[in-house]
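Chemist: For reference, the chains in residue letters:
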Amino acid sequence: MTKKVKVYSTATCPWCKRTKQFLDDNKVPYESLDVGKDKSARDEMVKKSGQLGVPVVDIDGEIKVGFDEGWLKQQLGLVK
Amino acid sequence: MTAAVYAARKQLKTLLVSQDLGGQPLKTAGVENYMGYQLIEGPDLMHKFEEQVKQFPLDVKIGQTVTSLAQIKNGFEVKTKEGETYQGMVAIVATGKRPRLLNVPGEDKFMGKGVTWCAICDGPLFSGQKVAVIGGGNSALEATDDMVKIAEQVYLVSITQLTGDQVLIDKVKSASNLTMFLGHEVVAITGKNLVAGIKIRNLKSKQEKELEVGGVFVEIGLIPNSGLVKGLVGMNRLDEIEVNCANETNIPGLFAAGDVTTVPEKQIVVAAGEGAKAALQAHRYLQRGGQ
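Quick mapping for you: the protein sequence lines, in order, are chains A and B. For the first sequence, the residue numbers in the working numbering are 1 to 80. For the second sequence, the residue numbers in the working numbering are 81 to 371.
Each hint should be verified, as a subset may be incorrect.
[Claimed, not checked] Computed cross-link-like contacts, EDC-like style, restricted to lysine to aspartate or glutamate with a CA-CA straight-line distance of at most 16 Å:
1) B:Lys161 x A:Asp68
2) A:Lys17 x B:Asp100
3) A:Lys17 x B:Glu121
4) B:Lys251 x B:Asp225
5) B:Lys279 x B:Glu265
6) B:Lys141 x A:Asp68
7) B:Lys279 x B:Glu187
8) A:Lys73 x A:Asp25
9) A:Lys20 x B:Asp124
[Stated by the list, open to error] Listed next, the stretches of chain A that the computed footprint assigns to chain B, with coverage defined by at least 3 CB atoms under 8 Å from CB atoms of chain B:
10) 33-43
11) 50-60
I should point out that these hints are in silico values taken from the structure, not numbers from a laboratory. Every residue gets a Cβ at the ideal spot worked out from N, C-alpha and C, and that includes glycine.
Sequences and hints are given; from them, build the entire structure.
Modeler: Structure below.
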């Protein structure tokens, strides 16, 4: 079953770019939310993660702050 | 990365282990002085470096944090936070620098909750808000220049007069939403769940003032990531690793390159060049039978 992936990011954040690059390389569909421009997305991110750093990745409700390749692979079932 | 490429091209069995690939340039916006590129964003330049690294037969472990480096028989051993151990006949330390902390109450509590060291990453999160930029050098001025364009109000707080380049000072001082507090220090960062303000103190009069801000950008300089080899190699009073022009430390077989060393200029092109030199010296060292 495909997991629902949301990435909260800003336009300039290099770790956000890396996170999205990883998801693109692994052909994982995701919703990208620009918390710099979208205030409601910013509030949503703060509520889910309790903090103001980006990126924040939400995979079916599991939250991770920052780019963590190991965690992403595990959550997405990419670990063999 | 440059050291790794040079080592690989000398057909040395090479391991590159690091928390990230890119270091400080990942938080740098426009790079105009790396030759070959008129203007390129730091992260994009580092991505190009990374792509080049991948062309070579290298063992690359990214996302691992090296916590110790020790001399062993015939070489060196490093251990990582992730529980891995690696050994090599030579080691090149190119760990760069990290941002200096304010070390005031609230900084730890609000790290990532309004306190940030990366204006390029987090700036947009504070658009329309009041923010404080702490520091008086080029990094602080660049962060200020970015933030006056999107924040409601920017407070620039520096313990000294501004020390950055005049061209940057001129760029920011005309902003109508900028208030400078020079000769002031940050005493505390306050708030509930997220940052709500900072308390600053006039260094002369000792008068304190509270500023309402939603974000605090700490830009007060950098510290070398040399803790790994403290006690093992010679360092200057800034804890930078002492190297000669061949990138040798006082320990045979242990080389160092880039911003973590005493090289006087901390620039991407210099760091890359230092990495190349270190790898070539390492190769010569091995050819001489490790002497």
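Chemist: Is the coverage entry for the stretch 50-60 of chain A by chain B consistent with the three-residue Cβ rule at 8 Å?
Modeler: holds (count 5)
Chemist: Are the Cα atoms of Lys141 (chain B) and Asp68 (chain A) separated by 16 Å or less?
Modeler: holds (14 Å)
Chemist: Count the residues of the stretch 33-43 of chain A with a beta-carbon closer than 8 Å to any beta-carbon of chain B: does the count reach three?
Modeler: Holds, because 5 residues of the stretch 33-43 of chain A bring their Cβ atoms closer than 8 Å to Cβ atoms of chain B.
Chemist: Take a quick look at whether Lys20 (chain A) and Asp124 (chain B) sit within 16 Å of each other, Cα to Cα.
Modeler: holds (14 Å)
Chemist: Are Lys251 (chain B) and Asp225 (chain B) close enough, with their CA atoms no more than 16 Å apart?
Modeler: Holds: Lys251 (chain B) and Asp225 (chain B) sit about 7 Å apart, inside 16 Å.
Chemist: What's the verdict on Lys279 (chain B) and Glu265 (chain B), does the C-alpha distance respect the 16 Å limit or exceed it?
Modeler: It holds: about 9 Å lies between the C-alpha atoms, which stays within 16 Å.
Chemist: Straight-line Cα separation of Lys17 (chain A) and Asp100 (chain B) no greater than 16 Å?
Modeler: Holds, at roughly 14 Å.
Chemist: Does Lys17 (chain A) pair with Glu121 (chain B) here, judged by a C-alpha cut-off of 16 Å?
Modeler: holds (12 Å)
Chemist: Within 16 Å, alpha carbon to alpha carbon, are Lys73 (chain A) and Asp25 (chain A)?
Modeler: Given that 16 Å is the threshold and the Cα spacing comes to 12 Å, the pair holds.
Chemist: Going straight from one Cα to the other, do Lys279 (chain B) and Glu187 (chain B) come out at no more than 16 Å?
Modeler: Holds, because 12 Å separates the two Cα atoms, which is no more than 16 Å.
Chemist: Next pair to validate is Lys161 (chain B) with Asp68 (chain A); report whether the Cα-Cα distance is within 16 Å.
Modeler: Within the cut-off at roughly 15 Å; holds.
Violation of the numbered hints given earlier is absent; every hint is satisfied by the structure.
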